[in-house]
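Peer 1: Here's the letter readout for the chains.
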Amino acid sequence: MAEIKAPIRPGKIIIWCLLFIGAVIMMTPIIFMFSASFKYNDEIYELALISSEPTLSNYIYLFENTEFLLWFKNSILVALASTVSVLFFDSLVGYTLAKFRFRGRKLVFIAILSTLMIPTEMLVIPWYILARDFGLLDSYIGLIFPGIMTGLGVFLMKQFFESVPDDYLDAARIDGLSEFRIFTQIAMPLVAPALSALAIFTFLGNWTAFLWPLIVTSSAELFTIPVGLSSFSGEFQSEWEMIMTGAAVATLPTLLVFLFLQRYIIRGVILGGLKG
Amino acid sequence: MRLFIAIFFMLPIAAVAHAVEIDYWQYSYKSRVDAMDRLIAAFEAENPDIKVHQTTFPYAQYRTKVAAAVSAGEGPDVVQLYYGWLDDYLNAGILKPLSEENFPAAEIEKDFFPIVHNMKADGQYFALPTAVRSLGLFWNKKLFREAGLDPDIPPKTLDELADFAKKLTKHDRAGNIIQVGITIGPIDQDHNWWREVLVRQFGGTPYNADNTKVTYDDEAGIQAFDYYAGLVTDHKVSVVDFMDKGEIAFKAGRAAIHIDGSFALSTFDRARRLDYGVAELPTYDGIKSNFASYWVNGITSKATGEKREAAEKFLKFITSEKAMQLWLDQVGELPARRAVANRPENRDNPKFGPFIRGLDYAHSTKFYSEAEQRRTVVDMLDRVVLNGMSVARSLRIAAEEDQAIIDKARMK
Amino acid sequence: MSIDKKRAVTAWCFISVPIVYFILVRFYPTLDAFSISLTDWNIVGKKTYIGFDNFVRLWHDPVFWQVLGNTFEYLLLGVPISLILSFIVAHSLDQIRFGHGVLRACYFIPFLTTAVAMAWVWRWFYQPVPVGMINLALGQMGIKQLDFLRSTTEALPAVLAPAIWAGLGFQIVIFMAGLRAIPQSYYEAAKIDGASGFRILREITLPQLRPTIVFLTVISSIGFLRIFDQVYNMTQEGEGGPLNATRPLVLHIYKAAFERFEMGMAAAQTVVLFTILLIITIIQLRVLKNG
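Chains as they are written, first to last, in the numbering used here: chain A, 1 to 276; chain B, 1 to 412; chain C, 1 to 291.
Heads up, a few of these hints could be off.
Stated by the list, open to error - Just a few of them, taken from the derived set where beta-carbon distance is under 10 Å, the chain A residues facing chain B:
1) Ser85
2) Arg132
3) Asp138
4) Gly151
Just so you know, these hints were derived from the structure itself, not from any lab. The structure displayed is predicted, hence computed values, not measured ones. Cβ coordinates follow ideal geometry from the N, Cα and C atoms, glycine included.
Full structure from sequences and hints, please.
Peer 2: Shown next, in the form of structure tokens:
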């Protein structure tokens with residue numbers, strides 16, 4: 001390639017240096033957060049990145065004396081359940097709308113698409129009343145029910161299923177597979193990249209969700225990580241090393257997943273972003 | 001014989017079947033929850049047919065969660081609430097009055113500190129406190145020594161307070177304050193200090209006799225607020241919400257003087273290397289004043305029949321003299337019954353003493369909406385400190401906002 | 001039954017549960033929000049129908065106008081700043097090979113963080129001395145500290161910064177995908193013509209990126225209009241202070257609905273939010289169509 005042989009121009013070096021500085025700035029909050037989580041209270045007001053005596057005591061305190069482990073579990077549970085449900089239902093609806101011809105198909109599609117226009121903030125008040133009337137306040141089902149299916153996911157999956165050739169599906173029909181099995185065993189695997197994109201977005205969205213969990217939960221046993229962290233930080237006001245430890249615990253899982261699956265995640269974000 | 005066996009086996013079942021279960025709610029604060037656990041254990045030992053289940057919520061959410069739960073018919077039978085919220089709860093129909101036979105009004109008025117009068121509506125008491133709190137002045141002896149002040153002599157008057165604070169303020173090279181002479185945090189206890197203490201000391205009253213009109217919008221109010229805001233703007237001995245919260249700054253040894261409630265004692269006692277003293281609030285013109293607040297326990301409209309009887313029994317127990325001494329020892333909050341508070345070992349205690357003595361001349365505000373009324377004081381100070389508005393004008397706006405909150409609440 | 005009919009039945013079977021769900025959890029609540037907005041209701045007592053009184057009260061409420069102003073300030077600062085920054089980074093990243101993956105990861109990682117957690121990190125940075133990192137560093141250089149969250153003018157940008165910071169990674173990645181999709185031959189032709197770097201940018205790159213830019217504008221506009229997590233967690237007691245200087249519409253709605261339980265008033269504000277989002281989306285779709 002010509003590019004490799006070309007001599008490195010000074011312009012490029014400047015660009016590289018600026019990009020490097022930018023990258024350091026981008027990472028600064030995260031680095032300082034982790035750094036503070038390993039410090040004792042009396043060192044927290046010093047700029048030094050690495051403590052003279054690093055300690056795990058903040059983490060130990062956090063896990064022994066607060067409900068972080070529980071919140072962690074709740075967050076995982078809620079994010080996983082929502083993701084599985086969204087993957088299944090959104091692709092089922094997207095598949096049906098893409099591959100079946102029936103009366104009312106267009107209407108259903110437009111109706112579902114129109115839900116994209118409704119901001120969550122408008123729905124939380126009716127949802128809260130709904131949850132109260134069904135006795136779902138402060139429960140797992142109450143946390144999960146608004147996100148069992150999403151209009152965006154249906155739209156995304158429909159786009160992808162449309163590019164699946166009908167021949168594949170017809171061949172399976174001739175083999176005598178039931179329609180449901182054609183969907184799960186033939187069609188779903190063909191759109192695996194789209195599914196992984198949807199999974200990433202849904203999981204991340206639920207993992208970081210704040211407004212609805214804040215509204216629907218009241219007892220600490222049902223908090224998700226963001227709600228727990230918010231109330232914890234309020235109570236530990238200004239014990240910054242503890243707050244940073246909590247923030248680090250909330251951030252770590254997605255960072256680890258990213259380090260292992262970087263390629264897939266970025267591809268998924270592009271796929272989801274562009275088609276959606 | 002068979003009958004005997006049958007009865008033998010039936011008895012415990014019958015006893016269990018008859019156990020009345022009641023729910024008790026308070027906000028989560030470790031020492032309070034532990035103390036309540038001990039009270040519940042003692043109560044259940046005395047009353048084997050009653051089981052009390054305690055539930056707690058984080059402080060920040062406590063208030064809204066109680067309202068939401070009771071509105072959904074899921075609330076507690078006995079609930080702890082801040083005295084300033086009583087009106088909200090009465091308006092929402094959450095509380096039922098205490099029965100005259102178990103809680104005779106005459107006896108309550110004889111035995112408790114007079115501030116509990118606020119719990120009376122239409123001639124009936126709706127709730128009673130286990131403990132009360134008042135304000136006091138905390139000072140850091142080490143910082144006093146560093147500033148060349150006598151570590152055992154706290155400021156006795158407001159003038160001394162400003163004077164001491166000046167000597168106790170430290171700056172860095174860039175001129176930023178890195179140690180405040182006195183903490184200023186209207187969002188914490190300062191709004192009470194301003195409303196019930198400073199206003200009265202400068203010759204005013206915060207509200208009229210039946211608490212329907214704001215009366216601090218006068219010359220006395222202006223002087224009181226001028227003194228308070230002046231600590232930041234003129235004397236420059238403080239920064240609003242320095243280190244986020246006065247309590248934190250004082251604990252970290254970055255604030256020399258701090259005004260707070262008796263409940264802060266337990267926090268400061270846990271801080272290492274913090275050598276501090278407690279005194280009664282500084283006077284002005286020889287006038288003493290203090291602010292008392294308390295958390296009360298009331299019985300909700302949800303408790304009926306035998307649950308109601310059990311709830312009254314429980315309430316009686318947790319407002320007894322025995323419970324109050326335990327609460328003082330465990331939580332560090334002052335007894336609501338005069339007889340317990342005035343025991344010599346309590347009244348002369350170097351830490352609790354100043355607070356208990358403060359109760360003699362304490363006032364408590366009749367809040368219509370504690371959070372919103374507190375906000376008016378926070379904004380009043382911010383307008384002066386951040387926007388440079390004049391003290392008188394900012395006070396006028398705050399008084400109007402406060403009056404609007406009162407009017408709106410009274411319309412309901 | 002004909003094959004077509006059979007398949008139609010299958011289709012309806014597949015989507016029956018989702019349809020019930022969308023009606024119950026999306027459409028009904030939407031209508032409900034509109035209907036609640038016409039009532040006076042404290043969630044416990046009876047709903048009283050009061051027509052458009054809530055909207056009239058909002059119209060006359062100076063705090064509501066301040067809140068709307070704040071909301072648009074978030075939008076009008078946030079969208080251009082984040083788009084320009086992310087385009088510059090994406091365009092530069094696109095030109096370099098050495099350490100490309102690591103640099104890209106550094107820009108992308110903030111996108112994966114939890115807004116609540118990062119809000120507290122930034123809140124800590126912004127503290128006055130002797131707590132906050134930024135002011136500590138300034139103090140060591142002998143520079144007077146900045147007030148940040150304790151100032152009525154600096155607080156809003158200070159709260160906005162972490163929101164921009166967190167969204168940048170996503171925009172960069174999308175911009176880079178857009179840049180990659182521009183056919184290389186366009187550039188080669190321009191080079192033969194001897195076009196300057198700036199002209200290439202103006203006449204090839206930006207027009208070719210138009211769909212990407214519109215998409216990112218829509219997405220980030222909606223995001224900034226709905227800002228909540230950062231404000232709730234970075235301001236004293238989640239009030240959106242000082243003196244309401246940072247309070248956005250969603251926080252105002254939250255306070256009305258779930259702290260004061262003024263459901264009618266809160267629902268009316270959600271209707272306002274809905275209308276604003278609708279108008280902005282329609283305008284932007286128009287722009288996209290004309291292109």
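Peer 1: Give a verdict on every hint.
Peer 2: Structure-based check of all given hints:
no.: 1; hint: Ser85; verdict: 26 Å, violated
no.: 2; hint: Arg132; verdict: 5 Å, holds
no.: 3; hint: Asp138; verdict: 8 Å, holds
no.: 4; hint: Gly151; verdict: 29 Å, violated
The structure does not agree with the numbered hints 1 and 4 stated previously, though it agrees with the rest.
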